[in-house]
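Anchor point for the first sequence: position 289 equals 288 in numbering that gives the first Met the number 0, and the numbering is continuous, going up by one each time.
FYI, nobody ran anything at the bench for these hints, they're computed from the structure.
A portion of the hints provided could be inaccurate.
[As the list claims (entries may be wrong)] Derived CB-CB ranges, DEER-like:
{"hint": "1", "residue 1": "A239", "residue 2": "A13", "range": "16 to 24 Å"}
{"hint": "2", "residue 1": "E15", "residue 2": "D277", "range": "30 to 38 Å"}
{"hint": "3", "residue 1": "D45", "residue 2": "G194", "range": "30 to 38 Å"}
{"hint": "4", "residue 1": "A241", "residue 2": "G146", "range": "52 to 60 Å"}
{"hint": "5", "residue 1": "Q274", "residue 2": "T163", "range": "45 to 53 Å"}
{"hint": "6", "residue 1": "G73", "residue 2": "H145", "range": "47 to 55 Å"}
{"hint": "7", "residue 1": "A207", "residue 2": "P55", "range": "28 to 36 Å"}
{"hint": "8", "residue 1": "D255", "residue 2": "S200", "range": "22 to 30 Å"}
{"hint": "9", "residue 1": "R221", "residue 2": "P167", "range": "37 to 45 Å"}
{"hint": "10", "residue 1": "S200", "residue 2": "A52", "range": "41 to 49 Å"}
Positions of the beta carbon are idealized from the N, C-alpha and C atoms, including for glycine.
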Amino acid sequence: MNATQLIAWFDAEARELPWRAPGTTPWGVLVSEVMLQQTPVHRVVDVWTEWLARWPRPSSLAAETPGTAVRAWGKLGYPRRALRLHAAATAIAVQHGDVVPDEVDALLALPGIGAYTARAVAAFGYGRRVPVVDTNVRRVLARAMHGLADSGPPSTSRDLSDVTRVLPQAQAARFSAALMELGAVVCTARRPRCGGCPVASDCAWLRAGRPTGNVAARPGQRYAGTDRQVRGLLLDVLRAAADPVPRARLDTVWPDAQQRERCLGSLLLDGLVQQTHDGRFALPGEAPAAITP
DNA sequence: GATCCGTGGTA
DNA sequence: TTACCAAGGAT
0 MNATQLIAWF DAEARELPWR APGTTPWGVL VSEVMLQQTP VHRVVDVWTE WLARWPRPSS
60 LAAETPGTAV RAWGKLGYPR RALRLHAAAT AIAVQHGDVV PDEVDALLAL PGIGAYTARA
120 VAAFGYGRRV PVVDTNVRRV LARAMHGLAD SGPPSTSRDL SDVTRVLPQA QAARFSAALM
180 ELGAVVCTAR RPRCGGCPVA SDCAWLRAGR PTGNVAARPG QRYAGTDRQV RGLLLDVLRA
240 AADPVPRARL DTVWPDAQQR ERCLGSLLLD GLVQQTHDGR FALPGEAPAA ITP
C-alpha cells in the first residue's frame, strides 16, 4: 500500500463534501459521521448542512428537545441515531465544556459513538493518528493486502491490527480518508474500477487475477413487513404532525394490530415516542401539558 | 457473535 | 421487480 500515491490521488480526486470543507469543526465532523452510519453520502449532505447551520455547537443541539432532533433527522433512517446524537451533545455540553473530546476513549463513552465513529472523529476532527476502520477500509485491505474478493466478518481487534500495519507516520488521518474514499468510489463492493485505481500495482487481489469470493452465505436483509418498516411508518406520522396524535391515527398505518402495538411499545421503550397524559402520542419532549377534557 | 434497528438508490 | 446494500452501534 503506497501511502504517498493514495494521498496524491485523494488530493486530486476527492469528492467535495461539505464536512470536508476547511473550517469544519470537530462537532461538524462528529455529526457527519453519525449521519453517515449505514447511510449513503448523497442523502446526508442537505441534512448535515441544515443541522450545522441550526446547531453550530453541541450546546445548541442540547438546548432542544430530543423530539426536535428526531424531527430534523427526517428520513435518514435509524432514528435512534438522532436520539443518541442529542444525548451525546448534552454530554459534551455538560461534561466536556462544549468541546468535542479528542481522545478515542472519551469519545467511545458517548452515546451512539462506537469503534468506528470514535476514531473517525479523533482522526478527521483533530488530525490524530489513529486507525480508522469502516466497511470501505475493510474491503480495500481485504483485496489489496490479502488478495480476497471481500472482507470476512468484522473483528475490531484484527481489523485495527491490519490498518495499523499500513498507517503512515505522516498524514495518517488523510491516508485514512483516502482509503475510505477509494473504497467508496473505486474499490466498490459491486464493480470495482480497477482501471482507475491509484494503488493497482500494489493490489494482491488484482495480482491474483481478481478471484471471486464465496458466492454463498448471505442472509439478506429484507424490509417489507418487518417491525422496522412498521416503526418507520408510525414515526413518520409523528414527524409530520404538529400536535400529538390519537391512537386511531396510528392505527391506520398498518393492518396487523398486534404488530402495530408491539412496534409502538418498542418506540416508547426506545424513547422515540412519548405518550401524553390524555393518551395521545408525540415525539419525545414535544408533548405539551395534558389537555384535560 | 448474531440480531435488531430505516430508508431509498441502483442493477 | 426483486435483491442488494450504504462512512455502524447496542444488546
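May I ask you to test the hint 45 to 53 Å on the CB atoms belonging to Q274 and T163?
Hint holds: Cβ distance 48 Å, inside 45 to 53 Å.
Does the Cβ-Cβ separation between E15 and D277 fall within 30 to 38 Å?
50 Å, violated
If you check the beta carbons of D255 and S200, does the distance land in 22 to 30 Å?
This hint is violated: roughly 56 Å between Cβ atoms.
Holds or violated: 52 to 60 Å for the Cβ distance of A241 and G146?
Given range 52 to 60 Å: holds, Cβ gap about 57 Å.
Could you see if the CB distance from A207 to P55 stays within 28 to 36 Å?
49 Å, violated
Within 47 to 55 Å: is that where the Cβ-Cβ distance between G73 and H145 falls?
The hint (47 to 55 Å, Cβ to Cβ) is violated, given that G73 and H145 are roughly 39 Å apart.
For D45 and G194, compare the CB-CB distance with the range 30 to 38 Å and indicate the outcome.
32 Å, holds
Could you tell me whether the CB distance from S200 to A52 stays inside 41 to 49 Å?
44 Å, holds
16 to 24 Å as the expected CB spacing between A13 and A239, which holds or is violated
Roughly 37 Å apart at Cβ, these two residues miss the hinted range, so it is violated.
Looking only at beta-carbon atoms, does the pair R221, P167 fall within the given range of 37 to 45 Å?
This hint holds: roughly 42 Å between Cβ atoms.
When each numbered hint is compared with the structure, violations occur for hints 1, 2, 6, 7 and 8.
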